[in-house]
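With the hints as a guide, bring the two chains together.
As a plain string of letters, each chain reads:
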Amino acid sequence: MTGSTVEQPAAAAPTRTVTYREALREALREALQRDDRVFLMGEDVGRYGGCFGVSLGLLEEFGPERVRDTPLSELAFVGAGIGAALGGMRPVVEVMTVNFSLLAMDQILNNAATLLHMSGGQLPVPLVLRMTTGAGRQLAAQHSHSLEGWYAHIPGLRVLAPATVEDARGMLWTALEDPDPVVIFEHGGLYNTAGELDEDAGPVDIQHAAVRRPGRDVTLVTYGGSLPKALEAAAALAADGISAEVVDLRSLRPLDDETICASVARTHRVVVVDEGWRSVGLSAEVSARVCEQVFYELDAPVRRVCSAEVPIPYAKQLEEAALPQVADVVAAAREVVGSA
Amino acid sequence: MPDFRMPSLGADMEVGSVLEWLVQPGDVVHHGDVVAVVDTAKAAVEVEVFSDGVVDELLVPVGQTVPVGTLLATLRPVDSTVPAGPPREPERPPDAGVPVRSPLVRHLAHQRGVDLAAVPATGPRGVVTRVDVEGAAAPRTRDGTRSSPYARRRAAQLDVDLRSVTGTGRGGAIRATDVEQAAGRAEERPAAVDQVATAAGAPATGDRRTAARQAIAALMTRSKREVPHYYLTQTIDLAQATDWLHEHNRDREVSQRVLPAALLVRAVALACRTHPSLNGFWRDDRFDPADDVHVGSAVALRGGGLVTPALLHADRLSVAQTMAALRSLVERSRAGRLRLRELTDGTITVTNLGERGAESVLGVVFPPQVALVGFGRVAERPWAVDGLLGVRPLVTASLAADHRATDGHVGSTFLAEVDRLLQDPDAMDRTGT
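Line by line, the protein sequences are chains A and B. Counting with my numbering, you get residues 1 to 340 for the letters of the first sequence. Counting with my numbering, you get residues 1 to 433 for the letters of the second sequence.
For reference, chain B alone in the conformation it holds in the complex (with noise of 0.2 angstroms):
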């Protein structure tokens, strides 16, 4: 028996509500057809059905919220047999014997209040299409007012109807900034939410990670058109803080050890606190600082492609808490769990390498924020301590950042902060240092 359940439509989604059933008891669904609108906390989605069958009871009324897996309908198969009684089937349109149509393309015809067996049908078998009923009831809802396509995509981003919209283009055509102004909220252009959207979305799928692609490429092309980018580095003797590591792992199981990202993101965040002119973001020509300190870390995903979510408040964390945080930042990152403001707040990002990386990495900056911090791989090399040449582990620290933000003696001094701060790992281990 092929039920139908309240859909979990992102990793943060516990609960939904249906706002609209497009199907009545009796109506025939089949694979791929959208059979209800449901309201989740983020939008209004609509939700198709996986099995064909035939609706034989809505077991959830309009406006009632339940749990994600709550059946929400019952389907029985379609060539089973029809209870005895009258069909019900009071939605069905009087030319029900022509070709199939989805209950979603019924539903927008009884809306739209278009007679489905005057539309001319232009979907395979001779299938009315969600596109002929709209088409057909273009002239009547457009009341010659006309919109520019990226108006219309805008405005079903932000909910807007387009005919609450006053136009200010040539002949009253309504444009983008109409429908952002109707919204209520002049919108940044949004190059960096469509990274976020991509990564925070449903499973992967070749399609998502072309997507997921072209995100990351259109934010790094923007990053290296706008960003005047200046690099710094500096190689870091990590020996105080590999002693450190080693001291407070001995005793710890594996899955509690605490890794040298951990050190090294908090020291980034700590060094924030005294240089905020590298935490923060570049809007409108100015530089905004962050009254936080997030901590955007790279991560890779398995099959391609990056995520840069963040540890939030990351300065007020011990280390042993920033590699938990690590830890679980990576978990949810490759398991696509990661919550929004944690892609959307980062105020800086660190991209560490770790053991198998190359030696140092110069980074492009994650507009809107105005530095990237790069670790390479912490390796053995010969290095003179106080007059004497020795075997230390050293790692080389590079700073990508914003020049419209920060200058090279900003940048020069927050990596010798960095530095200072890798020397005392102590000091840093101390929540709210």
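With the rest of the complex left out, here is chain A (with noise of 0.2 angstroms):
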């Protein structure tokens, strides 16, 4: 900005660094602040301070009564997580990873998701569910599957995957003010990345996707993860004239059909960066909206890269080789733009 006279009060707005696994935490902390029917359980979210770190300190800050421990059954506390829900609280409770939280899946898909439906209105489940998903640090196959696509496919859930520090501030409030279950997935390796984030920072729109960069000749759509591949994929596309939009979904469900066909719209290219499996997947819904809903704006066929169909090996080698990484969303962008 040259004209000092035109800077404006926003982007003059002071920011400060914080680690997306710090978002999380002062989320926690400010909705056990602002409201005493939130509370937080979880396999090790009390004394230990999470599996992942994010809720060190909350304990010691707001006691056993809202910070509780809970046996390691997953079914057991996800239940009770519910009845709470159905109790008038609002429950904040923690699977460690999204592979553990199949052993809930019953509490989660015949009660959180259908009381409401089951009881004619009268039974809302106000839930947040937290889980980490993704793999990328050793952690082998029974933590490290990327699941949200399963999840994102029951009627009664709303699905949230924040991959800003921006979102991991904002996304759990606004979660919690949903009367329904809401489900969050934390992809693993954001915890330690760090951005900028607003002094003022609070709860954030949970409807939307965004476009995070904007481009002219091919959309990246992504989520989680994922997005700080496709961002860096973005850089590599420019350096070679390669002007890609970058669509982070943040919602997986409902998907925001309308943020990512207007891209498509205007990019007429889309690759799709999923590190679920690509068989009956996210990747798939957005690619089979994509082609439901713009199909006469598509230049090329939809290209997808998703993890290979295997179990997410051990092995750092094989496990880097199994997830999709930046050189081949640069790659795909490539081929649809067609200058592989």
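Don't read these hints as lab results, they were simulated from the structure. Be careful, since some hints might not be right.
Computed Cβ-Cβ distance ranges for the label pairs, DEER-style [claimed, not checked]:
| hint | chain 1 | residue 1 | chain 2 | residue 2 | range |
| --- | --- | --- | --- | --- | --- |
| 1 | A | ARG213 | B | GLN214 | 16 to 26 angstroms |
| 2 | A | ARG213 | B | ALA183 | 27 to 37 angstroms |
| 3 | B | PRO289 | A | PRO301 | 36 to 46 angstroms |
Built from N, CA and C at the ideal position, the CB exists for glycine as well.
What follows is the structure, given as structure tokens:
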């Protein structure tokens, strides 16, 4: 900006650098402070500070009534969370990883997502479930899968994937305001990433996808832990004169078709980047919607960059080979743009 | 007796010629059937018939240009007695007993060499549709080349025959750029054009309104995403201007009176001359100044929506001419009778909220233009002049501009110039000042 007269107040707002983990912790702290009905429970969330260190210090600050360590039974404590929500509380239940959440699938699908419907609207379940997802840290197949698509399949759930510190900071409160169950996926690879956060950062919208980088030639649709890869790929493509637009889904259910399709209508080409498996997954859903809604805007077939269809390997090289990498995204984008 | 006349396919269409007849005398036609292809100044258009009947006689031969409204063909009711003599149905396929097929479908089948009897029908009541025929014809016409959906759409828009296009995509697939190159022009991305098209078209319908809304949404989103706006405002004392208007309007009939809007638009047009860097377009990463000053004027449409037709050469009009041109633009905008140039050639835009508007407006630049000037409601307010507090008619002028093209300093002197001009309406009134 050269003319000081035109400085916008918003642009001048002071920011600070925080990690994704810290942003999540601030969101939890704000929620616990703002609403007495909010409490946190899960395995090791109290004394240990959370398996990934998200809730470190919260037990000391809020006490054992509101930061509760649970036994190792996902089925039991997710069910208890649903009960608490039905009883008027606003529980935040942490499940260590999405792999382990399968033990609680019955509670999540058959109760949390279903009770409102089966009670004729009498029993909303205002539960927030947080869980870690994704690979890339050599935690092997039982801790590394990306099963967001399974949850995004279920009517009755809202499914969010914060990929930035701003969303890590802002999505929780908005999710708690939702009268229905919300699942928030935190990609394990993001906890240590840092970003700029406004000093006055607060709750954010959870309805819409966001264009994280505008571009003309190809749209990279992604979310969660793949967002940094897509942005890196876009920067690499820019060096080759290919202008890539990056759309961060943010909400995996419902999907924001309008933002996705508007972007494709501008660029006419799309690459979906999803750490989940390709078959019957989120990338398939996005691809189908693009074909259904903006088929006549497409100048090349939709391309997907997904994880290899294997259990995520432990060995570092194999794990890297199994996951979508920046070079894969760049190659796919080049191919659809036609400069491969 | 239902007749088929040369239709008006746009506000600016006066004559048209028949490029192709898709029916023959004796053919049964139904409401909505495409019966002819008509050439207008802009494009070849398929024209439908709006009544049921039997084609009696084609009165205008292919290639002849006739005025809008000319009788092109006569129809007779389906059940009327067929005139004596052999039935004139040379084009009718031998399997005429099977369900109705529109003339378009028959024509298409004939053109593509498709045997209608052999085409699987997917339409309602077993009707063979256009898609069915195209599907049956596809393997033959495609010649093994593939094209993207967007490329096919562009080909239709640019009137390009895909068979003449060389594909450069994977496996020789035809892509949009191939079509555009074949059309002989590297087309700009048509975001702005879309809006023009929806605003300039035929009578309003719910669909069109939705489409127009979407077009506005797309354009405004693009502007807010791509254009780094900066905003400036300036409160302008309109006492001189108001006095001048009062004097000017005193002996004039209501229809001839000049409203403040004309002075405001005039001031902007003149200020554009001294500030050429706000009058033009941001294209291909650089500013492209416009040679002339065409001031777009935002007009709200009844039932919602917005068009911004331009006052062409606004800097060369007197105040009274500016007023007349503004009136005409507003009336024609609402009647859907704008000319294409007015919709496409604006070099800067003015939005004037008028008497019942809010105090000020910070607008969104209309890409590829680089500036938008807003005026709020003119209202009497306390104002210090020469050290004394008085009540003066004031207006808040604002500038929303593209920071890529100009900086705050230029915008600031622009608004100061608008202010200066409005203090001397007589000078502004002299054409070509």
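Outcome of the hint check:
no.	hint	verdict
1	ARG213/A to GLN214/B: 16 to 26 angstroms	holds, 24 angstroms
2	ARG213/A to ALA183/B: 27 to 37 angstroms	holds, 31 angstroms
3	PRO289/B to PRO301/A: 36 to 46 angstroms	holds, 42 angstroms
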